[in-house]
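Asker: Letter by letter, the chains look like this.
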Amino acid sequence: MALLQIFEPGLATAPHAHRLAVGIDLGTTNSLVAAVRSGVAAVLPDHQGRPLLPSVVRYDAHGVNAVGHAAAAQALSDPKNTIASVKRYMGRGLADIRAQGGAQAPYDFVDAPGMLKLVTRAGEKSPVEVSADILRALKVRAIESLGGELSGAVITVPAYFDDAQRQATKDAAQLAGLEVLRLINEPTAAAIAYGLENAAEGVYAIYDLGGGTFDISILRLSRGVFEVMATGGDSALGGDDFDAALAQWAVHEAHLSGLSLRDQRMLLIEARAAKERLSDADTSFYSLPMHDGRTLGLHVTRKLFEALTEPLLKKTLVVTRKALRDAGLSAVDVKGTVLVGGATRMPQVRQAVAKQFGCAPLTDLNPDEVVALGAAMQANLLAGNHSEGDDWLLLDVIPLSLGLETMGGLAERVIPRNSTIPCARAQEFTTFKDGQTAMAIHVVQGERDLVADCRSLARFELRGMPPMVAGAARIRVSFQVDADGLLSVSAEEKTSGVKAQVVVKPSYGLGDDEIARMLRESFERAGDDIKVRALAEQRVEAEQMQAALAAAFAADGALLSDAERAVLDALIAQLRETAQGSDHIRIKAAVEALNRSSEEFAARRMDRSIKVALTGRMVDSIGV
Amino acid sequence: MSKVFSQNFFEWFGLPLAFRVDTQMLSNAYREIQGQVHPDRHAQSGEAGKRVAMQFSTRANEAFDTLRNPLRRAIYLLELRGVDIGAESNTAMEPAFLFEQMEWREAVEDALTAKNVDELDRLLARLRADARLRYNKLGALIDTNADQAAVEAVRQLMFLEKVQSEIGDSLAALENA
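First to last, the protein sequences are chains C and Z. Reminder that position 379 of the first sequence reads as 379 in our numbering, one-by-one numbering, no gaps. Numbers given in our numbering equal positions in the second sequence, counted from 1, plus 624.
Think of the hints as simulated: they come from the structure by calculation, not from any bench. One or more hints might be untrue.
[To be verified] Below, computed lysine-lysine pairings styled on DSS-like, alpha-carbon distance capped at 25 Å: (1) C:Lys335 with C:Lys315; (2) Z:Lys739 with C:Lys315; (3) C:Lys322 with Z:Lys786; (4) C:Lys335 with C:Lys322; (5) C:Lys355 with C:Lys314; (6) Z:Lys739 with C:Lys322; (7) C:Lys303 with C:Lys314; (8) Z:Lys786 with Z:Lys739; (9) C:Lys588 with C:Lys531; (10) C:Lys303 with C:Lys315; (11) C:Lys170 with C:Lys531; (12) Z:Lys739 with C:Lys355; (13) C:Lys314 with Z:Lys739; (14) C:Lys355 with C:Lys335; (15) C:Lys315 with C:Lys355.
With the rest of the complex left out, here is chain C:
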């Protein structure tokens, strides 16, 4: 890994080998992996040429039995051990799932702190582990079809995913042994694919109705910048709900009761098939042979289906109008709408979106593939496979406000929704009682005024403050959201000079040690020695760091005083010596020490690059 790559005008960057990087759309119903090859983004199909991998994992006593089509084929005969739509459970507790009405799924859930687990024959599985198994299958597919190890992946998440759901997705990727270059939002990925393909300029709305999630993003595309102006959605509303509405109607219509798990699953599968037929035909026959010998046979017209699902569609339109208002725009300002997600094939969805925006939606890209294609393009960019001028910039936002609990159970907003990331905001709080030496800090996400109506992200305590009278302490709580949309929080008491500080990354049921354990186990299964691997990785890291710093000294050595340079040189020598040994932990520490000490140098270089860029712009505008 190079330390810092800042392009110098007139200075060619060192050529490097093309790095293999993929984009992964980890969907509720189906998942895809795509890559840019010879400048063109394409979905990587399996051996049978199928682009989609059903997001289904089946477990047996030994662990993973099958992933994808083979697993989906077993869903009826082995419903409890065949996990589908696991994305709905990411970062969610049992209470959340019950509130969504999703607890009717045929699985045995166990409630665990932060995130539920599913009981399978292979033991209790966290949704993170199930997702990691899907990602692993895609990784294998990518390595086989690209013919080499992957340097990294861009994973997409629904724009409306909260911090818990994003962190769970990143954990799953880490568990699958993928280097996450970035988490990006699904509608944003679609905008990249669409925008680059069509050299689009102006304001676009991306309406993304997937299997289990709905997103709407309003973006401004201009001169290679994709700027998200506002986003909104519902992370528990998707095509699955349209199937369920139809199935529910059938149960009612045919007076069915006492359905077996198999019948329930079958009912949903047939509902989906009937729904898909209705996209092309005006009527569809819904037929279902049941476990006890009965047969269900019903005619469904498109009109009836539209009436049954009208409330779902209306929900998406309310969210769409809110996003427009948040962007400070009205429908006439939108130049085009792009439809994403298989569920947007339903004619009523297309008509409703056309009516909302007053123009026919753009559908020239495959709605199943466009997200993965955009992610692949972004992965290729982040892997450094682009030359200057041939690149673009993505400016995305957080979907939900972040805040803290204050007295009376009220949520105090610290970072409002639709803030461009990365972003940070600090706010000061004070003590309630005389002599208070600790403070409980509760981080929440959501738009409601009451903490009870928001999602709880983390609770921690700031301790060791010197006792003071009530209201005298100044506790500064800082929020930082990174480019993946992930939050970290720190708190500090400022008046005392005694710094009580704590930094938390909210975690959801899976602690770092638990992930480390799962990683170790997966290496062991693969017959890999984790220590040998860690040593090799740290040595490469050390090599690359030295090379990058040498290049940085050559370009910008003048930014350092002799004394500063000497400090860095000493640390480099120390790293070189440590890297001769075989203690990967010591090498890692030496790398970190050098990283910390070279931050100021990195900052000065970045500052200089800004000045050069801004000066260049002024010269340009004078020249014109």
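With chain C held as given, fit chain Z onto it using these hints.
Answerer: Same frame as chain C, now just chain Z:
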């Protein structure tokens, strides 16, 4: 980091220290800076480079948000001059303005009770037009160093912005019902 971050937002973006900003220049400078510092530009850097990129990019977003929003820009400019807005301590307001505000709020409540979305939209449009006029006046006050009058105007606009966001929330609530 202190040395690099010592410039104020106007200096950093190469803009004159004034309330009136050339929005095109502002957004060009923002794009130019993000183009250099955004974490996506440093995805192949080491930890130090990634951390520094996040700090710079975060600051660029903060600067852009401050400079493009007229209210935040005015407050920031007054703060740079050492003028305290005193939003919490000083709540005294001109009676005429307070009276006008009460009328606005009553009109909003009436429209809300009647669930009249069109009326709320109209009220919002009128409030926005009113705010635009006030921002023009505020700009003239700040750029002629009439700081105390500017503080008063800022506090009135904070009020107006609050009413506007309440109407926005009400509209959303009505739609969700």
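Asker: Z:Lys786 and Z:Lys739 were given as a pair; does the straight-line alpha-carbon distance stay at or below 25 Å?
Answerer: Cα-Cα ~20 Å, so holds.
Asker: Given the hinted pair C:Lys335 and C:Lys322, is their alpha-carbon gap at most 25 Å?
Answerer: holds, 18 Å
Asker: Taking only the CA atoms, is the gap from C:Lys322 to Z:Lys786 under or equal to 25 Å?
Answerer: holds, 18 Å
Asker: Hint check: C:Lys335 vs C:Lys315, CA-CA at most 25 Å. Holds or violated?
Answerer: Answer holds: C:Lys335 to C:Lys315 is near 23 Å, not above 25 Å.
Asker: Is C:Lys355 close enough to C:Lys314, meaning Cα to Cα at most 25 Å?
Answerer: Roughly 12 Å between the alpha carbons, so the hint for C:Lys355 and C:Lys314 holds.
Asker: Mind checking the alpha carbons of C:Lys314 and Z:Lys739 for me, to see if they're no more than 25 Å apart?
Answerer: holds, 19 Å
Asker: For a C-alpha distance cap of 25 Å, please report whether Z:Lys739 and C:Lys315 respect it.
Answerer: Holds: Z:Lys739 and C:Lys315 sit about 19 Å apart, inside 25 Å.
Asker: When you check the alpha-carbon spacing of C:Lys303 and C:Lys315, does it fall within 25 Å?
Answerer: holds, 19 Å
Asker: For a C-alpha distance cap of 25 Å, please report whether C:Lys588 and C:Lys531 respect it.
Answerer: holds, 13 Å
Asker: Is C:Lys315 close enough to C:Lys355, meaning Cα to Cα at most 25 Å?
Answerer: holds, 15 Å
Asker: Does the structure keep Z:Lys739 and C:Lys322 at a Cα separation of 25 Å or less?
Answerer: Answer holds: Z:Lys739 to C:Lys322 is near 17 Å, not above 25 Å.
Asker: Quickly compare the C-alpha distance for C:Lys355 and C:Lys335 to 25 Å and report which way the hint goes.
Answerer: OK: C:Lys355 and C:Lys335 at ~14 Å, within 25 Å.
Hint compliance for this structure: every hint is met.
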